[in-house]
Each structure stands twice: as structure tokens, then as C-alpha cells.
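If you're matching them up, the sequences are chains Y and B in order.
FYI, the numbering for the first sequence is 1 to 81, going by the working numbering.
FYI, the numbering for the second sequence is 1 to 200, going by the working numbering.
Hints were generated in silico from the structure; no laboratory data involved.
Computed from a predicted model, the values in this text were never measured in an experiment.
There's no promise every hint is true.
Partner residues are not named here, just some residues of chain Y that face chain B (Cβ under 10 Å, in silico) [unchecked claim]:
| id | residue |
| --- | --- |
| 1 | 21 |
| 2 | 24 |
| 3 | 25 |
| 4 | 26 |
| 5 | 28 |
| 6 | 31 |
| 7 | 68 |
| 8 | 72 |
| 9 | 74 |
We put the beta carbon where it would ideally sit given N, CA and C, even for glycine.
Residues per chain, in single letters:
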Amino acid sequence: MNLVNCNKAIKEICRYLDGELDEGLKTTLETHLTYCNHCSAVYDSTRKTIQLYCDGKVFSLPDEVHTRLHDALKRKLQRGV
Amino acid sequence: MTEQPQATLSRDEGQLVSEAKAGNYAAFEELVNRYEKKIYRLGMNITGNREDAEDVLQDAFLKAFEHLPDFREDSRFYTWITRIAVNEALMKLRKRRSSREVTMEDSEDENGDVQVREFADWKPNPEQQFAQSELEQILQTAVGSLSPGFRTVFYLRDVEGLSTEETAEMLNLSVGAVKARLFRARLRLREELSKTFKRG
Chain Y
1 MNLVNCNKAI
11 KEICRYLDGE
21 LDEGLKTTLE
31 THLTYCNHCS
41 AVYDSTRKTI
51 QLYCDGKVFS
61 LPDEVHTRLH
71 DALKRKLQRG
81 V
Chain B
1 MTEQPQATLS
11 RDEGQLVSEA
21 KAGNYAAFEE
31 LVNRYEKKIY
41 RLGMNITGNR
51 EDAEDVLQDA
61 FLKAFEHLPD
71 FREDSRFYTW
81 ITRIAVNEAL
91 MKLRKRRSSR
101 EVTMEDSEDE
111 NGDVQVREFA
121 DWKPNPEQQF
131 AQSELEQILQ
141 TAVGSLSPGF
151 RTVFYLRDVE
161 GLSTEETAEM
171 LNLSVGAVKA
181 RLFRARLRLR
191 EELSKTFKRG
């Protein structure tokens with residue numbers, strides 16, 4: 001692992017994930033990721049981290065919470081806003 | 001507002017808001033049905049526990065219901081309810097930690113170098129090796145290890161898909177601060193999850 005290149009690469013991975021790198025930097029980073037297993041692992045697992053939290057199945061709304069919310073709203077409606 | 005059941009399924013958000021403002025409770029209920037899952041997830045991500053997330057959900061929609069006549073519609077209803085919910089979630093955190101002020105300015109160091117200590121590959125599809133409740137617990141613990149300022153930025157940018165500028169505006173932060181926090185939040189979450197998901 002080349003520490004200087006890897007530190008720079010890791011700093012750019014976030015911008016790469018957001019599609020914010022210009023073409024030159026993007027190519028440089030992609031090349032680095034093809035031969036650096038460490039940075040490639042950081043990139044893959046960071047992408048996966050975001051994906052896990054975006055998955056709608058995580059922190060799903062329990063049925064009883066849905067029911068209590070709608071009951072609370074109806075009580076407010078009956079009392080008058 | 002009076003209860004007027006009506007078919008509202010295919011109506012767009014603007015129409016639903018207009019009808020809800022005119023007193024159609026079914027239209028407001030449809031807005032709640034559309035966004036309650038997302039607002040609950042927001043509460044879970046920012047507060048890190050179920051009870052607080054439920055309070056955030058209820059308080060946000062009750063407040064929206066009460067203040068709907070004041071909603072000027074210069075943004076989407078969803079943006080408005082998200083903003084209300086973020087404020088409710090942050091208030092909840094401040095109350096819970098009354099001895100320690102929690103604000104968007106409570107950040108850890110945003111400018112120093114990030115030390116990545118974990119470079120191991122993850123198992124393929126690690127989430128499939130856990131029951132849903134176990135996975136939820138793992139993700140909840142990891143996000144709970146971030147400070148509120150960091151996890152709120154992570155949630156709004158990566159889960160909600162708000163732009164950097166929208167996130168900065170909603171949290172009253174600079175664009176640079178949002179970028180720095182997002183970078184750190186992503187790497188820290190990854191590092192926390194690596195403890196469970198790495199190979200070997």
C-alpha cells in the first residue's frame with residue numbers, strides 16, 4: 001500500500017461516490033482502485049454502507065406505530081385543530 | 001377540518017395539500033400514509049431509538065396537521081415535513097442529553113485527517129446472513145456511534161438524497177461543513193460495520 005496515494009484516494013472516494021470528480025481525477029482513482037486492494041475494499045464497503053441504510057426494509061415502520069399515529073391524528077381532528 | 005372520505009390515491013402532492021387545507025382529512029391522511037415510513041426512518045436514524053423515533057413521527061405529523069394553514073407551499077410538503085421532523089428529532093436529543101447541549105455545531109473535529117484502520121473486504125451480501133431484527137440492531141448501533149450532527153448529515157444526504165446545498169440550508173451549516181461531515185460519517189459507519197461484516 002502506498003500511504004500517500006492511499007490517503008489521497010480515500011479522501012476522493014467520497015466525492016467519487018457522489019459523481020463529483022473531474023474526468024482526470026476519476027481515471028486516476030479508478031486506476032488506483034484496480035490495483036490497491038485496501039482502497040478497493042474501502043470503496044466497496046463504503047458504497048455498501050450507504051446502500052444498507054437506504055434499504056427501505058431497515059427501520060421499517062411497525063404496524064402498531066402506524067396505528068398509534070393515525071389514532072393520535074384522529075383524536076386531534078375530533079378535538080378540533 | 002372535517003372528515004370527508006374520498007378516493008385520493010392517484011392525486012399528486014400539491015392537490016392533496018390543497019384538499020387537506022380545504023378541510024379534507026382523507027387528503028391529509030393520504031399525505032401521512034405516503035411519508036410516515038420515511039419520517040419514522042428519519043427519527044430512527046437521528047435519535048437512534050424506537051421510542052424517540054415514534055415521538056418524532058407523531059409530533060411532526062401532529063404539528064404539520066395543526067400548522068397546515070400556515071404552509072405556504074413554496075416547497076414540497078415532503079420537504080416541509082422533513083424539516084419539522086429533523087427539528088423534532090434534534091429537540092428530542094437535546095432533552096435526552098440535557099446535561100450536554102446538542103446542536104448542529106457540536107461537531108467533532110471536521111478538518112483533521114481521517115485515519116482508516118480497517119481495510120478488510122466484506123463478506124458478499126453480509127446483510128443476508130442476519131435476520132431482519134439483527135441487521136436493524138447492527139445498523140442502529142453503528143449509526144448511534146456517530147454524533148448527532150454527523151448522523152443527521154449522513155441521513156439527509158445519503159438516505160434522503162438531499163443535495164449538499166439543501167442539507168446545508170436545512171441544518172444551517174456551510175456547504176463545506178456538510179461535505180466534511182458526510183465524508184467522516186460514511187467512513188466511520190463503514191468502520192463500525194466492518195467489525196461485523198468483514199471476511200474471516
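Checked hints:
no.: 1; hint: 21; in the structure: violated (13 Å)
no.: 2; hint: 24; in the structure: violated (20 Å)
no.: 3; hint: 25; in the structure: violated (16 Å)
no.: 4; hint: 26; in the structure: violated (17 Å)
no.: 5; hint: 28; in the structure: violated (18 Å)
no.: 6; hint: 31; in the structure: violated (18 Å)
no.: 7; hint: 68; in the structure: holds (7 Å)
no.: 8; hint: 72; in the structure: holds (5 Å)
no.: 9; hint: 74; in the structure: holds (8 Å)
Violation of the numbered hints given earlier is confined to hints 1, 2, 3, 4, 5 and 6; the remaining hints are satisfied by the structure.
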